[in-house]
Every structure is written in C-alpha cells, then in structure tokens.
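Visitor: Sequence:
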Amino acid sequence: MKSAKIIFISLFFSIGFGCQTQPVSNQPNATNSTIPITSQIPAPQTIKFESADKLEIIGTFYESSQPNSPAVLLLHQWQSTRKSFDSFAKQLQSKGFGVLAIDGRGFGESVKTTDGKTVSASRTDDAVKGMKADVDNAFNFLKQQKNVDAARIGIVGASYGSSLALIYAAENKQVKAVALLSPGINYFGNLPIEDAVRNYGGRNLLLVAAEDDQNSAATVKKLKLVNEKFEMQIYPKGGHGTNLFGAKVGLEDLIKKFLEKNL
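Under this note's numbering, the sequence shown has 236 at position 217, and the numbering climbs by one with no breaks.
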C-alpha cells in the first residue's frame, strides 16, 4: 500500500512529514494501566493524511503528555463526522490516552483530493476499499507517535465505523482491543463482519447497542455468542451509534473502563 503523507496543522505553524508503515517496536517499561497525568495536557492538533487515491483525510490528534501511553482510534458513523467524538476524545486524553479521530471519506473535512476535486460519501466496493486503507493509515500514524506504546492501541467504532474497526482488527493482530457501538451484520452489503469476529479471536471486544435500535441490539446478541469472553452492554434506549453519548446512559464511563482494563 502506498504510504500516507501526514501533516500536523497547529494554531501557529504546519509541519509535513512522511508516514511510515513498518511496525514500531514496543516501548520499554510499558504497563497495563493508563498513565497518570502529571503535566499539562497538549492542545488538540489537526492532521492530514494523503490516501493512495489522493484523497485528503482530516483528523484530530489528542496527544498524551506521558511516554508509553495507550492510544485509541475513533471511527464515526455514517452521516456524521469526527466531531461526534470531541467530548469523549478529550475525556480519554485526560485519562492518559493518545487519541485520533478522523473524518471518514466524504464526510466532514475529508471531501477534497490533493488536486482540489470534491469527493462525496459513497458505499461502493472501491469506496469501502479506500475506507479500510484510511483506517490502516490512521493506525500506523498512532504507532509512530513519540508517547504511544505501539503494543497498546485500540479502536472504537460506531455503526459502519464499527464494521471497519472489527474488519481491520481481524486482519491486524496488533490491535489490542476494540469497542463496537451499534454494529451491523453487513452494512452497505459489502461490510460483512461475521467472519471478522471469528478471526478476531480471543482479544478483548466490547459490544454496545440500545434496545430501541433493534437491528444493532440483535447484532450485539449474535456476536456475543461467538465468544463468551466478549463484553456486552445493551441499554434500554439511547438510539444509534454516538447518539448514545447524548442519551446520558453512562457509555463514556463504560468504554473508558474497558480501555483502561485492556490497553
């Protein structure tokens, strides 16, 4: 796969550098718990990936202030943007995580190619192929960061983002834990996850849905049967995907505890 180009955009300056895709060795002295915050939390930074098909994928990176920190990639749902994770991303950062939230292709700011063409959201096979490559680029970006322990990276995905998270994690054993918000058995007809959940193996997986989102609740119950080790939470109500955050059902605390325990 062609390496992505990554650019940091701060309030005062921009820095460009190439994204390396080779594995990064584990950082020494890593622990299995989040690292207490002892210094000022860095301001969020806007980053830019250039995909293999020249689309610019925009994200927000919340850097951990401590070395050897766990990290989390956040993937939003259809018809949404990375901003749906803003509050939660800051909460994770305050707990010692490095966090990256990206706009999926065709959403938010990820709508332009490097030559200025506009790209719309699409569900074609080619678009899905591009989505998977974007997740890989984002994951590799996190592995490179100076304060991230490359052996302690997880993914949280919502709706179609949950499909991308699980499919990618099934193929990349470096993903240590995954949380799925409102998963579906086969979003778009070309994001099937039943083989992926079996290939995911015995790694830690959190399955979340609400009963008033019937299809997702049924999917969660079905996926739970694959491995009794998987954790499951079905709320009485709360809607779909990241809408569960706004429902005030305790989702933030649930995911934070899951990540703290498993990264």
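Take the hints with a grain of salt, since some may be wrong.
Below 25 Å or equal to it, Euclidean Cα-Cα: the simulated DSS-like pairs (lysine-lysine) are [to be verified]:
id, residue 1, residue 2
1, Lys114, Lys195
2, Lys256, Lys241
3, Lys248, Lys192
4, Lys267, Lys109
5, Lys276, Lys256
6, Lys114, Lys280
7, Lys114, Lys243
8, Lys109, Lys73
9, Lys192, Lys275
10, Lys73, Lys102
11, Lys276, Lys162
12, Lys195, Lys73
13, Lys165, Lys256
14, Lys243, Lys195
15, Lys136, Lys162
16, Lys67, Lys131
17, Lys267, Lys240
Label-pair distances were calculated between CB atoms; the ranges are [said to hold, decoys possible]:
id, residue 1, residue 2, range
18, Lys241, Ala71, 28 to 36 Å
19, Lys165, Ala237, 36 to 44 Å
20, Gly135, Lys240, 42 to 50 Å
21, Asn234, Asp272, 35 to 43 Å
22, Thr133, Gly265, 29 to 37 Å
23, Lys73, Met251, 38 to 46 Å
Quick caveat, the hints were computed from the structure, so don't treat them as lab data. For each residue, glycine too, the CB sits at the ideal point set by N, CA and C.
Visitor: Which hints from the list above does the structure break, by number from lowest to highest?
Guide: 7, 8, 12, 13, 15, 21
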